[in-house]
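Residue numbers (our numbering), protein chains in the order written: chain A, 1 to 591; chain H, 1 to 429.
No lab work stands behind these hints: they were computed from the structure. Don't take every hint at face value.
[Said to hold, decoys possible] Here are the simulated DSS-like cross-link-like pairs (lysine-lysine), alpha carbons at most 30 Å apart as the crow flies:
1) A/K530 x H/K393
2) A/K530 x H/K260
3) H/K116 x A/K585
4) A/K530 x H/K116
5) H/K322 x H/K283
6) A/K452 x H/K116
7) H/K242 x H/K260
8) H/K260 x A/K537
9) H/K192 x H/K244
10) H/K192 x H/K221
11) H/K117 x H/K260
12) H/K290 x H/K398
13) H/K192 x H/K277
14) H/K216 x H/K260
15) A/K452 x A/K31
16) H/K221 x H/K244
17) A/K537 x H/K290
18) H/K192 x A/K537
19) H/K216 x H/K244
20) A/K585 x H/K242
21) A/K447 x H/K117
22) H/K112 x A/K452
23) H/K21 x A/K447
24) H/K346 x H/K322
As a plain string of letters, each chain reads:
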Amino acid sequence: MAEHTHEEGHHHHESFITKYLFSQDHKMISKQFLLTAMLMGVVAVILSVLFRLQIAWPNEEFEAMKFFLGDSYLGTDGLLKPDRYLAIVTIHGTIMVFFVLTGGLSGTFSNLLIPLQVGARDMASGFLNMLSFWFFALSSSIMLFSLVIENGPAASGWTVYPPLSILEQAIPGSGLGMTLWLLSMTLFIASSLLGALNYIVTIINLRTIGMKMTRLPLTMWAFFVTAILGVLSFPVLVSAVLLLLMDKTFGTSFYLSDIFIGGEALDASGGSPILYQHLFWFLGHPEVYIVLLPALGITSEIVSTNSRKPIFGYRAMIGSILAIGFLSFIVWGHHMFITGMNPFIGGIFVFTTLLIAIPSAVKAFNYITTLWRGNIRYTPAMLFSIGLVSTFITGGLTGIILADATLDIPVHDTYFVVAHFHIVMGLSAIFGMFAGVYHWFPKMYGKMMNKKLGYAHFWATLIGGYGVFFPMHFVGLAGAPRRYYSNTEFAFLDHVQDLNEVITIFAIIGGLAQLIFFFNFFYSIYAGRKTTQNPWKSNTLEWTTPVNPGHGNWPGDLPIVHRWPYDYSNPDHEEDFVPQNVPLKEGEVAH
Amino acid sequence: MKFLIIIVIVLVIITAAQLMKVYEHSSRLRNKDEADVTEGETKFNAGMLLVFYLALMISSTYLFIVYGARPGLGPSASEHGVEIDYLYDVNWIILIIVYYLTQTLLFVFAIKYHQKKGRKAVFFSHSTKLELLWTVIPAVTLAGIIIAGLMVWNKITAMPENAQVIEIYAKQFDWTVRYSGEDNTLGNSNFKVIETNNPLGVVTSDLIDAKELAWKADIAKLEKTISEEGDLIPDAKLSEMKFKLERLNRQLIRLTPLRKVQTPQTDSAANDDVIVKELYLVKGEVYEFKFRSRDVIHSALFPHFRAQMNCVPGMTTRLSFKPTISTAEMRENPEVIAQYKKTNEKRAAEGREEVDFNYLLLCNKICGASHYNMQMNIVVVDTQAEFDIWYAKQKESKTFAQLAGLLEPEEITDSTIKEVIVIQEVAAD
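Let the sequences and hints guide you as you build the complete structure.
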């Protein structure tokens with residue numbers, strides 16, 4: 001590795017196109033991912049506020065609907081059309097789960113941090129990395145484009161269960177909109193696989209001298225396991241998606257059987273819609289951890305740095321990540337307890353699913369213990385990490401209800417589920433992402449983000465987030481199904497309609513709070529305070545690079561690692577941090 | 001309008017940027033490093049953490065108390081539901097304790113150990129004892145939760161013998177109920193024979209004969225038209241007709257396997273089936289529901305009975321429960337009375353009609369535009385006698401034999417109507 005050292009400033013001339021568009025520098029690609037994900041995030045948040053307006057006040061017209069969605073989404077009465085309601089719910093879910101929290105989170109931080117934290121010049125393959133982004137960009141564009149086509153985008157929920165997603169007779173969104181969705185997802189998966197393979201190879205092969213696996217920061221472990229999960233599970237989704245596409249366009253019947261619709265019996269026979277669900281959730285459950293683990297990894301790093309303490313139980317944390325990663329592959333059936341699954345099989349999935357609570361509990365307690373007797377610096381990143389631990393606990397606990405098949409029956413597919421997964425993989429993951437942006441912004445742009453705006457953003461987001469999703473549990477417990485255009489047809493749901501209004505108000509607050517972030521982000525890129533080399537007094541290798549590292553990251557030789565990344569407040573040292581490249585003192589034992 | 005909004009937004013951004021510049025300049029003058037957290041900021045955030053923690057605890061408690069575990073659903077109206085509710089209560093107690101405990105630890109530590117001048121964090125990197133503690137305690141608790149959950153699960157999913165068999169049939173966007181009649185056996189069914197008069201596609205030998213005749217007539221008619229007037233028909237129409245002809249031929253072939261499984265028993269099982277649009281149940285009777293779907297996946301959610309099952313095209317799913325509280329009794333329940341009083345007051349204020357408590361069946365799997373209004377009324381009566389009166393009335397006109405009796409070969413069916421239209425269009429051309 002050390003042979004091809006780049007001297008900073010000496011590397012080949014870069015034009016605008018190779019520097020900003022078709023860049024192979026992992027740092028630029030990471031920024032490209034972040035900006036694309038932010039754009040997608042804006043769309044998804046706007047959509048969510050719009051459908052929240054519909055749920056809270058189903059009989060009222062809103063200028064905002066017309067402004068953002070245009071007339072084609074509205075009926076003659078000026079209200080959102082029911083099938084378009086389902087369409088925006090679907091696209092919100094798809095964008096958030098895949099484009100923001102998978103592509104955005106891993107794409108940004110795996111790309112930025114893997115080479116910097118393992119001590120490599122770049123990703124193993126810069127070219128594949130660039131392709132990964134461009135597949136992502138293309139797939140994002142297709143998904144956005146599907147919003148404006150004549151019959152609207154896919155509208156069968158982000159899980160696109162067949163037959164609804166196949167039969168255009170069943171819902172208009174299952175026409176061209178669904179085809180575009182499938183196309184977009186296929187490209188997305190290609191992007192994700194290219195990225196994940198790169199991450200795995202880089203972490204295994206390009207670690208600098210002394211960077212043993214047990215000296216990797218927990219961010220690296222989290223990204224590593226995430227990438228493995230992605231490589232193992234996304235291909236299954238791609239096959240599920242391709243079979244769906246074939247059913248839709250070539251008249252096969254992998255997922256169709258015995259269907260009578262639009263006044264005629266279809267020819268399809270012998271397929272099973274449940275097969276799709278198995279394939280989908282075989283990805284879908286690991287996907288939850290693909291979203292969550294990077295956020296937890298980021299949090300480990302930030303909590304430790306800002307508590308000025310080593311992360312508590314480093315090896316137990318690695319063990320938990322591995323255990324969660326493994327278990328996530330044998331729990332998918334808990335999404336299907338009421339599909340007519342054999343109760344015995346259901347029982348097995350109850351068992352495996354509840355096991356995940358153990359490593360999750362270990363992680364939560366280790367974070368809490370890391371705070372204990374620390375010297376906590378409330379940077380915006382740290383606050384978001386504390387928020388993450390809080391939501392991780394809250395959302396994790398309701399998971400215990402949903403994992404228990406018996407308890408799942410009455411709340412399956414209700415707002416209880418929506419509340420659960422939005423807290424644990426929505427809020428937690430997005431908090432992790434925000435924490436990461438605040439923490440590594442100085443590394444990305446060489447500037448500091450404004451702290452006061454960061455505080456305002458954090459508090460409004462935390463309050464908005466909890467205000468939306470905590471009361472939502474009770475809407476679900478009252479029996480309110482998700483994906484209902486309006487609850488007015490069921491008098492027994494009147495009981496929780498005031499909660500629905502409260503939720504929407506908090507959603508608007510939470511949505512508007514993101515404007516503070518956007519302003520802070522873009523303002524700071526252009527006019528933020530210049531940063532120092534290691535602003536957070538952190539141990540990991542990315543802070544040993546110059547403020548604005550060129551392509552190749554370190555101007556001279558690669559750093560050599562002598563210690564683990566969590567030597568904070570080590571009593572043997574004067575300073576309260578000891579970067580990984582500081583040689584051991586005489587007599588000091590490596591951790 | 002849009003233009004105006006955009007201008008306002010741009011102005012707001014410019015103003016904010018200017019304000020930021022002023023702030024940046026002043027902090028630069030005070031020589032502040034943006035990475036350092038000042039004492040004032042620490043104090044503010046510690047205070048906010050405390051306020052937020054208290055607000056979270058208080059509002060959670062408020063919601064737990066006011067809404068509880070089953071807001072607005074009343075007591076479970078089924079036998080197994082009581083066990084589910086009990087299991088819920090046990091789980092909630094455990095989870096709520098853990099919730100308060102861990103959130104408290106998190107926020108207390110986060111507040112208490114805020115940055116202070118001269119404080120050095122304690123170098124405490126691991127403790128096998130502690131880590132074992134919070135591996136073992138959750139493991140033991142979860143073992144309890146798993147065992148309790150699986151015991152109830154095995155009990156409630158066991159299919160009882162001698163239950164009353166009822167079919168619940170889902171399609172976009174309504175439910176249909178088929179009672180199995182005196183023999184407590186449902187007749188065979190198949191989606192290929194669905195007609196306006198036979199919405200569930202129930203199959204009998206007679207019906208197959210009728211179908212065969214009807215389709216053969218259709219085929220003959222089409223073949224005749226094609227051979228006699230084929231030259232005059234435009235190509236598009238002609239290929240459409242040929243496609244229909246092929247499909248009819250395919251359907252005809254597919255009738256054979258249906259006929260093979262028909263016996264006099266299955267025929268009589270089908271003929272006494274009663275097909276209705278609401279679900280009447282008797283308190284204390286054990287029911288086995290069989291679910292089918294015609295088009296997409298639906299899910300039958302019975303919130304008051306704590307029961308739910310997906311309806312999947314191409315397969316039959318099953319579920320059993322025993323209602324224990326009749327509709328009339330539920331309307332007497334003080335909790336329900338109080339809730340509906342409140343609901344009706346609100347509805348009166350909004351000018352909507354008043355409602356009374358009813359058991360309902362909802363669709364709970366996204367199934368299309370009117371998913372949100374796919375419902376059916378459920379009535380639980382107190383005695384068998386009440387049920388018998390209602391059932392006798394249904395039997396007068398709604399047995400399958402009566403419905404299918406309308407299906408004479410000459411009768412115009414969906415498919416013949418279409419063919420007639422095609423032929424007329426062709427003739428008009």
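Are A/K585 and H/K242 close enough, with their CA atoms no more than 30 Å apart?
With Cα atoms ~88 Å apart, A/K585 and H/K242 exceed 30 Å; violated.
Given the hinted pair H/K322 and H/K283, is their Cα-Cα distance within 30 Å?
holds (7 Å)
Given the hinted pair H/K346 and H/K322, is their Cα-Cα distance within 30 Å?
violated (33 Å)
Pairwise hint evaluation, H/K221 against H/K192, where the allowed Cα distance is 30 Å at most
Holds: H/K192 and H/K221 sit about 21 Å apart, inside 30 Å.
Starting from A/K537, check that the Cα of H/K290 is at most 30 Å away, please.
Roughly 65 Å between the alpha carbons, so the hint for A/K537 and H/K290 is violated.
Do the alpha carbons of A/K530 and H/K260 lie within 30 Å of each other, as the hint requires?
Not satisfied, since the Cα-Cα distance of roughly 83 Å exceeds 30 Å.
Is H/K192 close enough to A/K537, meaning Cα to Cα at most 30 Å?
violated (72 Å)
Satisfaction of hint between A/K31 and A/K452, Cα-Cα up to 30 Å:
Given pair A/K452, A/K31 holds - Cα atoms ~23 Å apart, limit 30 Å.
Check whether the Cα positions of A/K530 and H/K116 lie no farther apart than 30 Å.
holds (26 Å)
If you draw a straight line from the CA of H/K242 to the CA of H/K260, is it 30 Å or shorter?
Cα-Cα ~29 Å, so holds.
Hint check: H/K112 vs A/K452, CA-CA at most 30 Å. Holds or violated?
holds (22 Å)
Does the structure keep A/K452 and H/K116 at a Cα separation of 30 Å or less?
holds (19 Å)
When the structure is compared with the earlier hints, violations turn up for hints 1, 2, 8, 11, 17, 18, 20 and 24 and for no others.
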